[in-house]
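Trainee: Listed here are the chains, written in short residue letters.
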Amino acid sequence: MKTDRTEVVEDLNRLMAEELEAFLRYFQMRYRLRGVDRLAADKLFEEGTRETLEHAEAIAKQIRALGHVPQLKIELELRGGRTNLQEALAEMLEVERQALDAYKEVLPRVTGDTMLEDFIRKQISVETEHVQEIATLLE
Amino acid sequence: METWKEFEANELTHSAAHHLLAIYEVGLEYGGWARVSDIARELNITRGSVSINLRALKKRGWVETDEHHMVKLSPKGQKAAQAVMAKKAVVKTFLSSVLNVPELQAEIDSCKVEHLISQPTGEQLVHFMRFLVSGDPLAKQVLARFKNFHDQCPESKTCEVCHGHCLIEELQHAGL
Ligand SMILES: [Zn+2]
Chain A
1249 MKTDRTEVVE
1259 DLNRLMAEEL
1269 EAFLRYFQMR
1279 YRLRGVDRLA
1289 ADKLFEEGTR
1299 ETLEHAEAIA
1309 KQIRALGHVP
1319 QLKIELELRG
1329 GRTNLQEALA
1339 EMLEVERQAL
1349 DAYKEVLPRV
1359 TGDTMLEDFI
1369 RKQISVETEH
1379 VQEIATLLE
Chain B
-14 METWKEFEAN
-4 ELTHSAAHHL
6 LAIYEVGLEY
16 GGWARVSDIA
26 RELNITRGSV
36 SINLRALKKR
46 GWVETDEHHM
56 VKLSPKGQKA
66 AQAVMAKKAV
76 VKTFLSSVLN
86 VPELQAEIDS
96 CKVEHLISQP
106 TGEQLVHFMR
116 FLVSGDPLAK
126 QVLARFKNFH
136 DQCPESKTCE
146 VCHGHCLIEE
156 LQHAGL
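Chains as they are written, first to last, in my numbering: chain A, 1249 to 1387; chain B, -14 to 161.
Read the hints as simulated data drawn from the structure, not as lab findings.
Don't be surprised by glycine CBs; every beta carbon is placed ideally from N, CA and C.
Partial pick of chain B residues on the chain A-facing surface, computed with a CB cut under 10 Å:
1) T31
2) R32
3) S36
Think about it this way: if two alpha-carbon atoms lie no more than 16 Å apart in a straight line, the pair counts; the simulated EDC-like pairs of lysine to aspartate or glutamate are:
4) B/K64 x B/E10
5) A/K1352 x B/D23
6) B/K44 x A/E1335
7) B/K43 x A/E1335
8) A/K1321 x B/E27
Next comes chain A alone, as it looks inside the complex:
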């Protein structure tokens, strides 16, 4: 099956924006937490920044492989103040859940395109695991 490349590239650009926004959110989150909360969450959110950046990069490479240049459009203002671990995790869960849904939404549009399909499936499994992990922490 031949996929409509322009539309797929747009999908990928949107996914990349989700990942990079999440990266920026987690980056700020590390400085919104204080005290014992900070100690507990710092590693988690640092990992979050690393992973989201890795994912964004993987998506950018897919876009390049399709012969396009990644286009980024984000409108983000992070003004959140101090917060606690529970709140921070709830936000992270929300963001990760949306990323997972976004990958799932793209899957049917790349089905049949082996490389892209494999990539999206892999992302779905990674994100699913991530969502479950955070949900467990919030239980």
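Add chain B with the ligand to chain A, keeping to what the hints say.
Mentor: Just chain B with the ligand now, with coordinates in the frame of chain A:
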């Protein structure tokens, strides 16, 4: 008066107002329910942002969600959305029909103030426009005369409106 300080305290930010409007718009087709992905598309922002912003709107009691993460305006949110739409409509009509501001500019400017103007101001604008279309012969004349009024600022830069500072001139600086 330090009205500008109220901007921070203003309960409904412009962003929040547009989220409510987007939920309203998207929900029209689905009995009021909207998906985060559709709201994101409507607002042209990421789903992550929408979901985080929705948390704040939910805390304020403007939106409700179900177990499938579908979103709906609460009765309070519904009222807030309607108030914003009404204010936008009245300002836009005033700008385009009374002041003869071009349609596109009227759309942009009414969007900017839709969440900020007060209820009394909105209501007075409605009354004023109702007066203009009331059939009162003077009202008709006022509208017609204004349309054909060719304003010339006096050399002296002083007039009954500007009191020494030519406001038109100063407004033009904004377009620099
Ligand atoms: Zn607006």
